[in-house]
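J.: Residue numbers (my numbering): 1 to 100.
A couple of the hints might just be wrong.
[What the hints assert, rightly or not] Dumping the calculated DSBU-like pairs for lysine-lysine here, alpha-carbon to alpha-carbon at most 35 Å:
1. LYS14 x LYS26
2. LYS26 x LYS57
3. LYS53 x LYS36
4. LYS36 x LYS69
5. LYS26 x LYS45
6. LYS14 x LYS53
7. LYS69 x LYS48
8. LYS69 x LYS57
9. LYS57 x LYS36
10. LYS38 x LYS53
11. LYS36 x LYS26
12. LYS14 x LYS38
13. LYS26 x LYS69
14. LYS69 x LYS14
15. LYS36 x LYS48
16. LYS57 x LYS38
17. LYS48 x LYS14
18. LYS57 x LYS45
19. LYS53 x LYS26
20. LYS38 x LYS26
Keep in mind that the hints were calculated from the coordinates and are not lab data. What you are looking at is a predicted structure, and each value in this text was computed from that prediction instead of being measured.
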Amino acid sequence: MFKESGLLLRPEVKMLADTGYQGIQKIHANSTIPIKRKRNEVLTKEQKTFNHKLSSKRVVVENVIGFLKRFRIISDRYRNRRRRFGLRFNLIAGFHNYEI
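Produce the entire structure from the sequences given, and follow the hints as far as they go.
T.: Below, the structure written as structure tokens:
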């Protein structure tokens, strides 16, 4: 889906992804994905630690996305005027930041 979107990220943007984005590094060099276990091999302790730290960073982002989806502005198709989308999205983001 990311490849099909045609979205281009600036090179300085760091992207954290899950294993569903295998091959994303070919499109965006500054992306990080978990290390996959190879067939009949075990991940080293360092690799497991890396994956754990990456997932702990990603879970924060996933929780914010879940919060935003409660307002259904990004979970469904936006059916209102486009010029108001930014205002409404920023308002919901403000609710989230106030809650923190």
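J.: None of the hints should be skipped; say for each whether it holds.
T.: So, going through the hints one by one against the coordinates:
no.	hint	in the structure
1	LYS14 x LYS26	14 Å, holds
2	LYS26 x LYS57	22 Å, holds
3	LYS53 x LYS36	15 Å, holds
4	LYS36 x LYS69	30 Å, holds
5	LYS26 x LYS45	27 Å, holds
6	LYS14 x LYS53	15 Å, holds
7	LYS69 x LYS48	31 Å, holds
8	LYS69 x LYS57	19 Å, holds
9	LYS57 x LYS36	18 Å, holds
10	LYS38 x LYS53	20 Å, holds
11	LYS36 x LYS26	17 Å, holds
12	LYS14 x LYS38	25 Å, holds
13	LYS26 x LYS69	30 Å, holds
14	LYS69 x LYS14	23 Å, holds
15	LYS36 x LYS48	10 Å, holds
16	LYS57 x LYS38	24 Å, holds
17	LYS48 x LYS14	21 Å, holds
18	LYS57 x LYS45	19 Å, holds
19	LYS53 x LYS26	23 Å, holds
20	LYS38 x LYS26	20 Å, holds
In terms of the numbered hints stated before, the structure departs from none.
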